[in-house]
Amino acid sequence: MLVDRRQAISSLAALFAAALPRASLAQSSTIELGALVPLTGSGGSYGPSMAESIKWVLQNVNDAGGINGRKLNLTVEDDQTNPDSGVRAARKLIDVNKVVAIMATWASSVTTAVAPLCWESHTFLTTDSGADSITQLPHQGYLIRTEPTTTLIMTKIGNFLADIGVKKAFLISAQTPFAAPAKAVLGKVLASRGGTLLGQVVYDRDKTSFRSEIDLAMKDKPDLIFLDGYTPDVTILLGDLFRAGYDGKKIARGYAVNEKLLSSLPPNVTEGVFTVVPSPEVGSATYKSLAQHLNVTEVDPYTCEAFDQANLVCLALQKATQPTGTGIRDAIHAVSDPGGTVVYGAVDGIKALRSGTRKIKYSGVSGPCIFNQIGDIVDVKARFEQVHNGKPTLFKIT
Amino acid sequence: MSEAAQLAVNGLMSGSLLMLPAIGFSLIYGVLRFPNFAVASIATIGGFSAYVANVFFHWPLPVSIAFAFLIAGSIGVGSDFLLLRPLRKAGIVAAAIGSLALNIFLENVVRFSFGNDLRGLNVPIMRDVVVLGLHVGRQQVFNVAWAATAAIILFLLLKNSRIGKQMRAVADNPMLARIQRIDALQVGNITTFIAMGLAGIGGALLALDTSVDPLLGFRILLPLFAACVIGGIGSFPGAVVGAAIIGIGEEMAAVLWSPAYRTGVGFIAIVITLMIRPSGIFSRQ
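For the protein sequence lines, the chains are A and B, in the order given. Under my numbering, think of the first position of the first sequence as 1, with each following residue one higher. Under my numbering, think of the first position of the second sequence as 1, with each following residue one higher.
Pulled out of the complex, with its shape left as it was, chain B reads as follows (with noise of 0.2 angstroms):
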């Protein structure tokens, strides 16, 4: 019982990693109305920019964050501008597609600048805490807690402000949206910009978790796109719980069967899902 109650805690803390690149995801999809998987070397460039600000500029970390949140929000709009919308007008797979295509690039373009070692951020690997009897990691509730405070602002962003009930109204009935005199353009940059920032935030907590390199985010392609589809693509709420069921999952495959099986999780996840219901746990169909 111990045993799974510590998977499950460690599958939480995980699944709080995958959390706001899969909020991310969501969000333009839920926009923009197509999956951008270039959300994955976007992350990436986070982990690479909190690194850059960290140790090169010596940033406390909080500041880091902040910087990858920028540097990847500004990075998702450029290629988006360059590449992404021009590629929407002919479709939705068309743009999936370059979007696949723009991960690739972006990926190499960071292994390009930075090469293909490893690095770490400054900060001390601390002891975990032991409570009730489960080993929790010090770095990983602060991560926890900073995955938390973003997604909760981006949560009252929508809710409340101007800018998050337009994203809202385009989300809901681009059509409608437009008639009301709604900038979809200005919407869509916004969204992007947040999404992907979000991205990053993430890549810079992963960075923080472990270590930094070029295929930082393509490990997690897979995690997070299950997580959006278990949850629904698209859906807010649906991001955070499928991150939290495909971390739990994850990790208890430990025990199930093999961990070398661990990928095969997402890939489960995503069958029994379509199967059962294709659009997700929070749809609204």
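Excised from the complex, chain A in its bound form (with noise of 0.2 angstroms):
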């Protein structure tokens, strides 16, 4: 059988105009959400578990019947821990998925790059990123980050090096959005303890070798270097600081010396480095019951951190009273009030509020989860572990 031009062309207007209401009506039966994590660069090792996270979270909640019996969708995006490739991810998650939120972003640069981008577009923003600049940004009420801020993490870890008797410390810091923070807070605490902060270096992560920022460092023969940096950059400071010599202690962050790094270096490489990452709940049931889900002994803070965000953007999307962003950013700490009824989940919470409590305290994971007006959380354990033959070992929680 021929089928002409003119006949071709209106069997698809017939066809197009069929397909566009069921899909305008799939999308708003659905309540779109954004995942922005990094699922490769150099937080690649935490992005997958992170979105998972986020992923059973919203599984539940459909699975109990949505937020007032419409579902959730979820769209992942990898920001491969780079600040451009986020705000492309973020363009399409806000322009093309119309997510009114979008959650778990990771390093600090692609959260600073991406909140002008949501709060213009009314997107709630929620965050793993710690560099105290972030909140300081106009973004009137739209982010929120469970991360504790530079200041409040800094100050633990100074009082820290000072309780384990560090009287001159050197900082070797990436540059980063929290590098000079990192300095200012770290200096300050340090004084206040009779001890001193020697000096800064900033580093280019993409360097294949720092010999020459590990030589400024031990001029003054410090007792410590706190190694600021990534996983990649961090692992070449261990081994040139062993090459060069250096029998002082070490510090750096706990997502930075994972269990990559430690299966990558020689146990007497990384022998007694301390390391710092903000502390999970690990003795509650909900930590218990992820750490199953995702098939883990441990589960990291970040992942912590994604799965109370998502949490925490159900239950204002329940309370709301506009499924926007609008909405979750008003509902926001209604959902996280200290005085509230406490749940431990989204599928509980979501109960209460249906049932007519009118604030709730959402307990996290990953912390207590209360924040203040411009979205930090207000207090952290931190969970310092010592390195012994290659394995991370509890040192001490404050």
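It is worth saying that the hints were derived from the structure and are not from the lab. Backbone N, C-alpha and C fix where the C-beta goes; we use that ideal spot for every residue, glycine too. The reader is advised that the hints may include incorrect statements.
What the hints assert, rightly or not - Calculated lysine to aspartate or glutamate pairs in the EDC-like style (CA-CA distance at most 20 angstroms, straight line): (1) LYS249/A / ASP128/B; (2) LYS221/A / ASP183/B; (3) LYS219/A / ASP128/B.
Stated by the list, open to error - Here chain A is said to cover these stretches of chain B; the calculated rule only asks that three of the stretch's residues, wherever they fall, bring their Cβ under 8 angstroms from a Cβ of chain A: (4) 12 to 24; (5) 155 to 162.
Hey, can you piece these two chains together into the complex? The hints should help.
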């Protein structure tokens, strides 16, 4: 049978017209959410489990009936731990997927780049990033973070260093938005405890060797060197410190000195290195069920934070008058209210809200999840570990 | 003064790691007359080849480095045959853009095959030796020796062997070489194999010095290009001297500016060279 051009065009138009209302209907029946996580790049070891924890929360909420009968649909994008890629992915989530919230940005540089897109488009943003400057942006309330600020965590670290007898410290920092505040806070805390921050060197992470940075750091013979970078660069720094014969104390962030770093360096190079991470609520039943779902014995703090963010967003959507970014913004403090009814998951919280509870307090696996007016968490526990024979062991929780 | 000397030593060490990929880049430019930016991902492939040979097959380091040379050279020739040779007919710009695309493609093939994780070779991390008050890493000395040996062998090959003379003939005047019945296709293949093999050894030495990940080559792309521009693209000694200058310049930047501006050294070196001597230090013009 021959089909002429007119017939073909009119058939296609009819097909398109028939499909359009269904597509619109499908979109309006779900609430679109986005996760912008680092699946590749220096944060690539955390992104997959962060995304999985968010999926699990949304799946549980959907299985329990969704938000006022509407199902949640998640789109996961990779920010490649890179601001350029992060902005492109955020644009896609906002403009194409029409998400009402973007969850779990990780690197401070990515969050700093993505945040203006979110508040301009009234999309709610939740983040794992720690740089002080992020919540000082004019975000109009469209941003919360579960990661402690640089000031909060560096104060904990400064006091910890003073407790273990450090008098002279040197800071080697990757070029990040938190490099400058880290130096200011650490210097202040150490000075208040009778110690000194000898100096700071900020390095370019793309270097293949950091010998000159190490030479600068060792010049004044510090008794501790703080390696404030990410896994690839801290791996090189630890090797270079060992080669240079440095035998003093070392500390780095737990996200940098992870299993991958410890498996790629000989145990004698990492021996004695202190690490610090915001401490998850490892004793809680929710933490254990999350670990079981992810099939791991320990859940990293960033995955715990992503899990909490997903729960908070779901609760805020249930509480909100409209399932929009602005609705989440207006409701978020009502579901993390210290005086509210305590819940440990979105499903229980949604039931409580449906039964008329006005304010609830979501108690998270990453911490208490209490936010101030600019979206920072107000307190955190810090978990200090020390590496022995290539394995991190708990040293202290403060 | 001792600080400056230490920085110079550190710079020479890191420059020596840039040297082999820079020589490879220059060699291809000299003979095939186009900038092959895929040299960066081939260096990454060299690093991963050495990793596989050393960690999975438990081969000793010299064999692992030779393996990196063979794999990198073979993939270099294969990718040149499939993608870059047809593009060269469309001109230097098409070939250069094609090589950038090939670079991204190969990097992602490595990422897909090995993941993003850092991987280290089975080599002990040894304490530095101190000579005249200057710290020098034992592994770095080993790496410099490897790089220098490879460069000297290539130099002797170019100077004395028949294929070396043919390569120089094609580089000097392709038309005259064709009249002399030199098989330009064969010379091009051998040049690509050697150049990419050298890049592969460079990647293996970088992996030995630090660790290997899919971005290993990408990190050295700008410095190695800057090294070639300074020395004169297409010049063998130019690549060697350019790599040393970039290595020392990047380390010195740590003292004069902030180490955070190290990347700027490559850009500034390119700009200054293009303003003062556009064809580089060792150009014949």
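Handout entry: Violated hints - listed by number, lowest first
Key = Result: hints 2, 5 break, sorted rising.
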